[in-house]
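Asks: So the chains spell out like this:
There are 10 protein chains.
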Amino acid sequence: MTSRPARTLETFPNPNPGRDYEIRLEAPEFTCLCPKTGQPDFATLRLAYVPDRLCVELKSLKLYLWSFRDEGHFHEAVTNRVLDDLVAALAPRRMTLVAEFYVRGGIRTVVEASHP
Amino acid sequence: MTSRPARTLETFPNPNPGRDYEIRLEAPEFTCLCPKTGQPDFATLRLAYVPDRLCVELKSLKLYLWSFRDEGHFHEAVTNRVLDDLVAALAPRRMTLVAEFYVRGGIRTVVEASHP
Amino acid sequence: MTSRPARTLETFPNPNPGRDYEIRLEAPEFTCLCPKTGQPDFATLRLAYVPDRLCVELKSLKLYLWSFRDEGHFHEAVTNRVLDDLVAALAPRRMTLVAEFYVRGGIRTVVEASHP
Amino acid sequence: MTSRPARTLETFPNPNPGRDYEIRLEAPEFTCLCPKTGQPDFATLRLAYVPDRLCVELKSLKLYLWSFRDEGHFHEAVTNRVLDDLVAALAPRRMTLVAEFYVRGGIRTVVEASHP
Amino acid sequence: MTSRPARTLETFPNPNPGRDYEIRLEAPEFTCLCPKTGQPDFATLRLAYVPDRLCVELKSLKLYLWSFRDEGHFHEAVTNRVLDDLVAALAPRRMTLVAEFYVRGGIRTVVEASHP
Amino acid sequence: MTSRPARTLETFPNPNPGRDYEIRLEAPEFTCLCPKTGQPDFATLRLAYVPDRLCVELKSLKLYLWSFRDEGHFHEAVTNRVLDDLVAALAPRRMTLVAEFYVRGGIRTVVEASHP
Amino acid sequence: MTSRPARTLETFPNPNPGRDYEIRLEAPEFTCLCPKTGQPDFATLRLAYVPDRLCVELKSLKLYLWSFRDEGHFHEAVTNRVLDDLVAALAPRRMTLVAEFYVRGGIRTVVEASHP
Amino acid sequence: MTSRPARTLETFPNPNPGRDYEIRLEAPEFTCLCPKTGQPDFATLRLAYVPDRLCVELKSLKLYLWSFRDEGHFHEAVTNRVLDDLVAALAPRRMTLVAEFYVRGGIRTVVEASHP
Amino acid sequence: MTSRPARTLETFPNPNPGRDYEIRLEAPEFTCLCPKTGQPDFATLRLAYVPDRLCVELKSLKLYLWSFRDEGHFHEAVTNRVLDDLVAALAPRRMTLVAEFYVRGGIRTVVEASHP
Amino acid sequence: MTSRPARTLETFPNPNPGRDYEIRLEAPEFTCLCPKTGQPDFATLRLAYVPDRLCVELKSLKLYLWSFRDEGHFHEAVTNRVLDDLVAALAPRRMTLVAEFYVRGGIRTVVEASHP
Chain A
0 MTSRPARTLE
10 TFPNPNPGRD
20 YEIRLEAPEF
30 TCLCPKTGQP
40 DFATLRLAYV
50 PDRLCVELKS
60 LKLYLWSFRD
70 EGHFHEAVTN
80 RVLDDLVAAL
90 APRRMTLVAE
100 FYVRGGIRTV
110 VEASHP
Chain B
0 MTSRPARTLE
10 TFPNPNPGRD
20 YEIRLEAPEF
30 TCLCPKTGQP
40 DFATLRLAYV
50 PDRLCVELKS
60 LKLYLWSFRD
70 EGHFHEAVTN
80 RVLDDLVAAL
90 APRRMTLVAE
100 FYVRGGIRTV
110 VEASHP
Chain C
0 MTSRPARTLE
10 TFPNPNPGRD
20 YEIRLEAPEF
30 TCLCPKTGQP
40 DFATLRLAYV
50 PDRLCVELKS
60 LKLYLWSFRD
70 EGHFHEAVTN
80 RVLDDLVAAL
90 APRRMTLVAE
100 FYVRGGIRTV
110 VEASHP
Chain D
0 MTSRPARTLE
10 TFPNPNPGRD
20 YEIRLEAPEF
30 TCLCPKTGQP
40 DFATLRLAYV
50 PDRLCVELKS
60 LKLYLWSFRD
70 EGHFHEAVTN
80 RVLDDLVAAL
90 APRRMTLVAE
100 FYVRGGIRTV
110 VEASHP
Chain E
0 MTSRPARTLE
10 TFPNPNPGRD
20 YEIRLEAPEF
30 TCLCPKTGQP
40 DFATLRLAYV
50 PDRLCVELKS
60 LKLYLWSFRD
70 EGHFHEAVTN
80 RVLDDLVAAL
90 APRRMTLVAE
100 FYVRGGIRTV
110 VEASHP
Chain F
0 MTSRPARTLE
10 TFPNPNPGRD
20 YEIRLEAPEF
30 TCLCPKTGQP
40 DFATLRLAYV
50 PDRLCVELKS
60 LKLYLWSFRD
70 EGHFHEAVTN
80 RVLDDLVAAL
90 APRRMTLVAE
100 FYVRGGIRTV
110 VEASHP
Chain G
0 MTSRPARTLE
10 TFPNPNPGRD
20 YEIRLEAPEF
30 TCLCPKTGQP
40 DFATLRLAYV
50 PDRLCVELKS
60 LKLYLWSFRD
70 EGHFHEAVTN
80 RVLDDLVAAL
90 APRRMTLVAE
100 FYVRGGIRTV
110 VEASHP
Chain H
0 MTSRPARTLE
10 TFPNPNPGRD
20 YEIRLEAPEF
30 TCLCPKTGQP
40 DFATLRLAYV
50 PDRLCVELKS
60 LKLYLWSFRD
70 EGHFHEAVTN
80 RVLDDLVAAL
90 APRRMTLVAE
100 FYVRGGIRTV
110 VEASHP
Chain I
0 MTSRPARTLE
10 TFPNPNPGRD
20 YEIRLEAPEF
30 TCLCPKTGQP
40 DFATLRLAYV
50 PDRLCVELKS
60 LKLYLWSFRD
70 EGHFHEAVTN
80 RVLDDLVAAL
90 APRRMTLVAE
100 FYVRGGIRTV
110 VEASHP
Chain J
0 MTSRPARTLE
10 TFPNPNPGRD
20 YEIRLEAPEF
30 TCLCPKTGQP
40 DFATLRLAYV
50 PDRLCVELKS
60 LKLYLWSFRD
70 EGHFHEAVTN
80 RVLDDLVAAL
90 APRRMTLVAE
100 FYVRGGIRTV
110 VEASHP
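Residue numbers (numbering that gives the first Met the number 0), protein chains in the order written: chain A, 0 to 115; chain B, 0 to 115; chain C, 0 to 115; chain D, 0 to 115; chain E, 0 to 115; chain F, 0 to 115; chain G, 0 to 115; chain H, 0 to 115; chain I, 0 to 115; chain J, 0 to 115.
If you're looking for bench data, these hints aren't it; they were derived computationally from the structure. Among the hints, a few may not be true.
Said to hold, decoys possible - Subject to a maximum C-alpha distance of 16 Å in a straight line, what follows is the list of computed EDC-like cross-link-like pairs (lysine to aspartate or glutamate):
id: 1; chain 1: F; residue 1: Lys35; chain 2: D; residue 2: Glu56
id: 2; chain 1: E; residue 1: Lys35; chain 2: H; residue 2: Glu56
id: 3; chain 1: H; residue 1: Lys35; chain 2: I; residue 2: Glu56
id: 4; chain 1: C; residue 1: Lys35; chain 2: B; residue 2: Glu56
id: 5; chain 1: A; residue 1: Lys35; chain 2: A; residue 2: Asp69
id: 6; chain 1: J; residue 1: Lys58; chain 2: J; residue 2: Glu25
id: 7; chain 1: I; residue 1: Lys35; chain 2: F; residue 2: Glu56
id: 8; chain 1: J; residue 1: Lys58; chain 2: J; residue 2: Glu9
id: 9; chain 1: A; residue 1: Lys35; chain 2: J; residue 2: Glu56
id: 10; chain 1: I; residue 1: Lys35; chain 2: I; residue 2: Glu56
id: 11; chain 1: J; residue 1: Lys35; chain 2: G; residue 2: Glu56
id: 12; chain 1: B; residue 1: Lys35; chain 2: A; residue 2: Glu25
id: 13; chain 1: G; residue 1: Lys61; chain 2: G; residue 2: Glu75
id: 14; chain 1: F; residue 1: Lys58; chain 2: F; residue 2: Glu25
Unchecked claim - Here are some chain A residues pointing at chain H (derived, C-beta under 8 Å):
id: 15; residue: Phe100
id: 16; residue: Gly105
id: 17; residue: Val109
Here a beta-carbon is modelled for each residue, glycine too, at the ideal position from N, C-alpha and C.
Sequences are here, hints too, so could you generate the full structure?
Replies: What follows is the structure, given as C-alpha cells:
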C-alpha cells in the first residue's frame, strides 16, 4: 500500500487555443512533511492558468500532488516547485498558484507565486 | 419522457441598445456526461453580457442548457462551446461565462471564458 | 386601498455640491408584473449615485418604486426605465442601478445599468 | 393584467400516507398591503407539514399566495389566515407556518403559528 | 426637538386568541445611558411572546424603546424593566426578552429574561 | 453513453455492529425528471443512518442515485422511494433522508422522511 | 446625566510622518435625530485616513461622535459634516468616511465621502 | 507598567432576584502562559449564569481575567479555576464557562464546565 | 524522514475529577489511505469527552493521529477504532467522535460514534 | 516563567529569488500594553511580503511578536515598529503589515503600513 505514484503530469490538447480563457482548480488535499521535524504539513492548493496548447489532466494532477506525501519540503520551496513543474508540463500563457498551509506555531502561512 | 429539446436560443430585441448595460444570469442546474466514463457531471453556470441588438430569452436558455443533459463533454470544451453558441446567437458587445463544476477526484474545477 | 401613488420623484438640494461623494440606497421591496404571464416578479434594487445639485428624497423614492406594483415590465426594460427616471429627476454626476430579480425557470437574473 | 387568481388550493393524494414525513416549502415572494396605510408589506413564508391524505400542489400554492397581493392584512392575522386555509385544504397531521416580514419602523417582525 | 415621547405601550386585540402562536420582534436601535458614566450604551433587543388577548402595536413599541434614550440604566436592570413593562401591558401567555449590548471593556454582554 | 446502471445497492458488513453509531452521507448531485412536464429537477440528498449488520457501499450508492436521471418522479414520492430502497437493502436500526429540491415557481421544497 | 460633551477632537503627533500609512476606525454606535420627525437615526461610521502630522485620539473621537446624539441632521449632511470636522482637525493626506444608516421606509442608506 | 492587578471579583446586588434570568458575557481577550514551555496561550471565554443575590461587575471581571496574564496554567485547570472563582464570588443559581483556546499542534481545544 | 511514531496515547491526571466537564478537540489534519485503492483519504476529527481520572495529552494525540498516515482504513472502521483507542486510554465518563471525510464520488461522508 | 525572549528575527535564504512571489502570514495572537493605562491590548497581525534574498523563519517571528507582551505601545507606533523591524531583517522587495486591534471605547482600530 505504500508505493508512491511516479511524478508525471499528463496533458491533453487545449480544445480552444484561439481564445485566452482561465481554468481554476482547487485541491484541498495536499500534504507533505516538514523537512526539519519530519511531521506532516497540510495545504489547500488553488491553481489558475490560461492554457496555451495543453491542459492538465485532472487524475494525473491528483497523483502528482499525492507524490509529495512522503517528502520533506519547506512551504515557500514546495509552492514554487509545484508551479515550476506545472509550467514545464503545460507551458501556459500565464499561471498562478496559491498554497494555503494550516496553522503552525499560531501562525497561518499562504504562499502565492505566478508565471511569468 | 426522454425526448430532448432542440438546441436553439431564442432572442428578443434589446430594449435599450443606446446604453452599455450588463445582464447577469446564474443557472445552477447544468448537467452533462463525462465523455470518458459516461457518468454525470454537474455545474453552476454564471453568464454576464452587454447586449447589442439582442437579449437571450430565459426559457429558451433553460431549454438550451437542458439539451446537454445526455451528451458527453469535457469541462473546458463545453464551457467554450456554450459561450460560442451564445455569442453566435446574440452578437453581444462583450460576454463572460463562468462554469463551476462539482468536485471530481478531490479537485474542484472552474472554467472562465470571455468574448471578445 | 387599491389606488396607486402618482409617479413622481421628489428631490432636495445637495447639501455639499462642492464635493463628489456617493449615496447608496438598497431597496429590497420592488415588485412588478411579468408582461407575458401577468404573474408577479420581485427584485432588490441597489442604487449608487454622486449627486450634483439634487438628492432624491427617500419617501418619494419608496412611493415611486411602489408605483410599478401593478404594471407589466420586462427585467431589462424596467431597470433601464428606473435609471432613466432617476437620471431625469436628479441629473446626477454619475449613477448606477443594479436590479437583482428572483429565480425564474431555475435562473436568477441581475441587470446593471449606469449613467453616463 | 390586473385580474387576480381565485383563492383555491389544489391538492394531490399523499403518495406515502403510511409514513409520517415532513414537507417544507419556502416562499420568499409574499406581499400584501398594510390595512392602515395601504402601503405594501413583504414577507418570506416558511411552511412545514406532515401530510395525512393530501399534499398541496405547488402551482396552486403560488397562485394562492399571489391572491393576497391587493388585500390589506395585519401581520399576525394574515399568518393565522394562511395557516387556517392550508389546514382546511389539507387536514395535515401537523403544520407550522413562519412568516418573516421586512423591517417597519426599525423593527423586524416574525410570526410563527402551528396546528394543532 | 428634544422632547421625549410618553412611556406608553399601545395594544390591539389578538386576532387569533384561540391558538398559541409566537410573535418575534427584533429592534436593533435601543440606546440608553450608563448610570455610572453618563455615556451612551447600545443594544439590539429581541422579543418573543405568545399573545393572550393583546398584541403590542409596533409604532408604540418603537416610541416606548425611544423613551429610554436619555435615561441611565444598568444592563441587567433595564432588560428586566422592559420585560416587566411589556408583561404589564400585554399579559402574554409567555414572553422572552434578549438584550445584546455592545462591547464595553473588551466584554460583550447579553441579558435574557423570561415570563413566567 | 446513454445506457443506465442497474438499480442495485451494494453493501458491506458493518465493522462495529456492537455499537449504535451514525453514518451521514451528503449527495448534492441528484437529478430526475418532472413527471408532468418532463423537465429536469435537481436535489441535494442528505442521508443519516445507524447501521445494523450492513453499510451502503459509496460507489453503488452513487450509481443508484444516477439511475433516476431519466425517470419521472414527484418530489414527495421519490424521497420516500429512495428511503424505502435503502431500508430494504440495509435494514438499518434507524434512517433519515432529507431531499432539498431547487426553486420551482418561486418556491423551494424540502422533503424529510425517516424509518422507522 | 444629560449634559453633552463639548465638540472637540483631540489629536496626537503622527509617530511615523515619514511614511504614508492608513488608519481605519469603525464606530458602530453613532446616533442623531431626524430633523423632520425628531426621531432617532442610527449609523455605523467607518473612517479611513492617511495621517500627515496628526492622528485623532480615540477617546475624543468617541466623545465627538456622542455630541451629535441630540441634534437633528440629514444623512447626507451629517456625513459631510463629520468628514469636514475631521479634516479640519487632522489635515490628513487623504480621508474617507462611510456612514451606513439603518433601514427607513424599507430602504437602507449609505453615504461615502472623501477628502481631497 | 508591569504591576498586576489584585485577583478580586467585585459584585453588585442582583436588581431582579425574584426572577431566574441569564447573563451572558463574552471575553475574547484572555491570555495566560503554558506551564510547560512558558509560551503564551490565548482563549475566548464565554460565561453564562443565572444570578442569585449578586452579579459580577464588568470592570472587575476584566481585571480578574487580566491577572492570569503572567501565570502558567493548563487549559483544563484554568477553566475550572475561573469557574470556581466566579462561583465563590457570586454564588449563582447556575453558571457555565466555555473557554475556546487557539490552535496548538494543529488541534483546537475547547473546555466547558458548569456549576452545579 | 519516513519512520512513523509509535501508536501510544499519553495522559495526565484530570485536574478536576470532582466535576463533570467537557473537553472538545478539533483536529483537521487526519489522513489515512483507502484500503481498496491505496489512495489518500482526509478527514477532520472532532472529539468531545467528559474526563474521569485522565485527560489526553495534546502532543501525543497529534502523534497518535499521525500514526494512521500510511495505513489503509475504511471510514466507518477507522472512526470506531480511534474512539476505541481513546476510550481504552482514558476511560472517560462519556466520549463522542465525529469524523468528517472529504468528498469521494460526489458524496461527502461523516461518521459519528459515542461511548458508552 | 516570566523571562522574555530576545528581540531577534531569524531568516533563511529565499529558495526562489529569481521570481517575485508573495508570502502571507496571519498571526492572531499579538498582545502588548496600553502606554497610558498599562492595560493589555490585543491584535491580529497580517503580514504580506515579496522576499528578496531572505525569508523570515516562522518560530523566530512567533518569539519576536511575543517579545512585545510586556511593553507599552500605541497602535499606530507599534504597527510601524514591527514593519520597520521586519524590513530591516529581510530587506524585502515589498511588504505590507495590517494590525487589527480589538474594540476600545466602542471603536475598532486597524492600522495598515507598507514598504516601500
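Asks: Please flag the earlier hints that this structure goes against, numbers listed from lowest up.
Replies: Per hint list: 10, 12, 13, 15 and 17 violated.
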